[in-house]
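The sequence shown begins at 0 in numbering that gives the first Met the number 0 and counts up by one.
FYI, nobody ran anything at the bench for these hints, they're computed from the structure. Nothing here was measured: the structure is a model prediction, and the numbers come from that model. Worth double-checking, as some hints may not be accurate.
[To be verified] No more than 30 Å apart at the CA atoms, straight line, and that leaves these computed lysine-lysine pairs for DSSO-like:
1. Lys-417 x Lys-580
2. Lys-73 x Lys-580
3. Lys-188 x Lys-450
4. Lys-401 x Lys-533
5. Lys-28 x Lys-580
6. Lys-450 x Lys-73
7. Lys-360 x Lys-401
8. Lys-284 x Lys-310
9. Lys-360 x Lys-310
10. Lys-18 x Lys-28
11. Lys-1 x Lys-18
12. Lys-543 x Lys-483
13. Lys-151 x Lys-9
14. Lys-360 x Lys-142
15. Lys-142 x Lys-28
16. Lys-142 x Lys-2
17. Lys-573 x Lys-543
18. Lys-360 x Lys-73
19. Lys-18 x Lys-188
[To be verified] If you anchor each label on the Cβ, the simulated ranges turn out as follows:
20. Arg-267 x Gln-558: 22 to 28 Å
21. Glu-575 x Arg-354: 45 to 51 Å
22. Arg-583 x Gln-87: 43 to 49 Å
23. Met-145 x Gln-328: 29 to 35 Å
Here a beta-carbon is modelled for each residue, glycine too, at the ideal position from N, C-alpha and C.
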Amino acid sequence: MKKSLAELSKLRELLQLEKEEDLEQYRRKVEAMPLPQRREEGYCWYPLQVVRQGYMMGERAYVVVERSTELNEKHQFRSGNTVRLFTQQAGVSHPERTGVIHWVDKNKMQIILNTQDLPEWIGLGQLGVDLLFDETTYQEMEKALMRVMEAKGDRLAELREVLLGHQPAVFDDLRHPVEIPSLNESQNKAVNEILATRSVAVVHGPPGTGKTTTLVQAVRLLCQEESTVLVTAPSNTAVDLLTERLAAQGLDVVRIGNISRVDEDIIRHTLDMRLSEHPESKTIKKVKVQAAEARRQARRYKRRFGRAEYKQRQRLFEEARELSGWARQLEDRLVDQILDGAQVITCTLVGAAQRVLEKRKFRTVVIDEAAQALEPATWIPISRASRVVLTGDPFQLPPTVKSTEAMRRGLATTLIEKSLQRIPQVSLLNVQYRMHHVIMGFSNQQFYEGKLIAAPVVRNHQLAIPRHPSVTFIDTAGCGFSEKMHESYRSRYNPEEFMILCEHLYQLTAAFNGQPVPQVALISPYREQVRHMKEQVEEDTLLKEVPSIINTIDGFQGQERDIVYISLVRSNEKGEIGFLKDYRRMNVALTRARKKLVIVGDSATIGNDPFYTAFLEYCERHGQYRSAWEFLK
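Could you build the full structure based on these sequences and the hints that come with them?
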């Protein structure tokens, strides 16, 4: 126990370092900006108009706002962000309210305010929304760590000792192991270990191995034995995907918290929508409106009023309290009914701290994409369960850590990474269904000890054109294509490198000779290169006709395309490669293509690094190695 407490105590210190650095970056980058610059860089929407308003679950008002200018421009707002709704109308007292974004959809967002009532100035105009520093997430992680550290003689204390490597994970012998026909041997083995564990099961799912498919089948079977399973992931996007996939199995799924997309497939499963569809919801809404009106009338009385006015004000506040209490009782009863009836509850890791789950305990919690979660966040849902299923791949994108010191001291090391080292019985999904075996080969060697197998259906699948091997490296060494730095965004780009990429893409698309061209992805580690590529493609009449997606490697994780181009960008005399050193990010990039992978880069810059030296050698042996000079003729 002492070792566990020492480890968690260190983790608390690192979390504090991360919070301080995150806050300092916010202050430097956002807080000091004038309004025009915040708008330009996507940290503020102004001006806005209110298109809808009302009351959410838990006596909180909401507004749906829409920006009036800079339509469809990129911005920094995401579901779950803490924001400040403000007015610049002169003479208004308390001209701002804080809240949380429930969803963002193009030029609209719904903000759940941290107040019972809408501000009186909501209809006066000159409204805006600012992005704020999110302290709530850190508070919930801190609370979770304290709960884990203070646990004694209970189930959480036992899970702590297993997950931190001081007690063994125990598995029951299943009398009748399941064998699901649609799953392969390693997937069925993983499902059986999930069903058999008494404490912790770990599923390691490399790219394309059907991790989500396996997980959904396991949850379906758990639901036959348990009243409700808690399924979580670090991001709203991942939770929404799980919600869809589980609901497609015919399970009764309730999605709690903020959502990444506003479409019917997600909305209909949310707790708010389930509440609104209940016959009693109209009564609750009516009572909330009456309570708000009573409070509004009570606040009309100013400082100088007589005894009669004072009594009237007290009566109105008392009426508002009674109405709010009644609405809360009705709502709590309905929420309990809905959650009691759910087979699966889905939410983010931090979302598991919500009030509606406060008194609920689950036999099993599933944590998907656990390799993208800071360990303190992972403990939030673990504290609500008797056993834990961790799934993910620590050789793909890690969690974001902003503090260099916290990173150096291990904050980026996730609980699933620790579990892979501490728990002997780990399920590795070893058959991948995405890539040609040559595209898979390098990552298989570097990250997975050669244990992955390409399924027969994808092993040799290729583009329907001749003389196009599955992997091509185009070397820009000696061409003088030096990287450039965008001074404002401090991000790198390389226009000449993209020019070579385009020349190869022209030739590739021409080879289809009028046949439909499969979807293409153009990705890069650098955001500025992505911006440059989008601009160039928009202006290029030939490339505009090619069905393509352009994104950063981080933004493209979880997706795949038949053809993927990677622009590495880095080209300098010092051989500096920056965060190309994060090999896990490159593993994500190299495993997105199904049939054709093309990488453009400077071997003179990247070739001093052993990882990239090995990759260049792999391309020479198993793929195609070409010089950029071929495309300059």
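Each hint, compared with the structure:
{"no.": "1", "hint": "Lys-417 x Lys-580", "result": "22 Å, holds"}
{"no.": "2", "hint": "Lys-73 x Lys-580", "result": "28 Å, holds"}
{"no.": "3", "hint": "Lys-188 x Lys-450", "result": "16 Å, holds"}
{"no.": "4", "hint": "Lys-401 x Lys-533", "result": "27 Å, holds"}
{"no.": "5", "hint": "Lys-28 x Lys-580", "result": "25 Å, holds"}
{"no.": "6", "hint": "Lys-450 x Lys-73", "result": "41 Å, violated"}
{"no.": "7", "hint": "Lys-360 x Lys-401", "result": "33 Å, violated"}
{"no.": "8", "hint": "Lys-284 x Lys-310", "result": "27 Å, holds"}
{"no.": "9", "hint": "Lys-360 x Lys-310", "result": "45 Å, violated"}
{"no.": "10", "hint": "Lys-18 x Lys-28", "result": "15 Å, holds"}
{"no.": "11", "hint": "Lys-1 x Lys-18", "result": "26 Å, holds"}
{"no.": "12", "hint": "Lys-543 x Lys-483", "result": "25 Å, holds"}
{"no.": "13", "hint": "Lys-151 x Lys-9", "result": "19 Å, holds"}
{"no.": "14", "hint": "Lys-360 x Lys-142", "result": "17 Å, holds"}
{"no.": "15", "hint": "Lys-142 x Lys-28", "result": "28 Å, holds"}
{"no.": "16", "hint": "Lys-142 x Lys-2", "result": "20 Å, holds"}
{"no.": "17", "hint": "Lys-573 x Lys-543", "result": "36 Å, violated"}
{"no.": "18", "hint": "Lys-360 x Lys-73", "result": "40 Å, violated"}
{"no.": "19", "hint": "Lys-18 x Lys-188", "result": "40 Å, violated"}
{"no.": "20", "hint": "Arg-267 x Gln-558: 22 to 28 Å", "result": "24 Å, holds"}
{"no.": "21", "hint": "Glu-575 x Arg-354: 45 to 51 Å", "result": "49 Å, holds"}
{"no.": "22", "hint": "Arg-583 x Gln-87: 43 to 49 Å", "result": "44 Å, holds"}
{"no.": "23", "hint": "Met-145 x Gln-328: 29 to 35 Å", "result": "31 Å, holds"}
Hints 6, 7, 9, 17, 18 and 19 from the list above are not met by this structure, while the remaining hints are.
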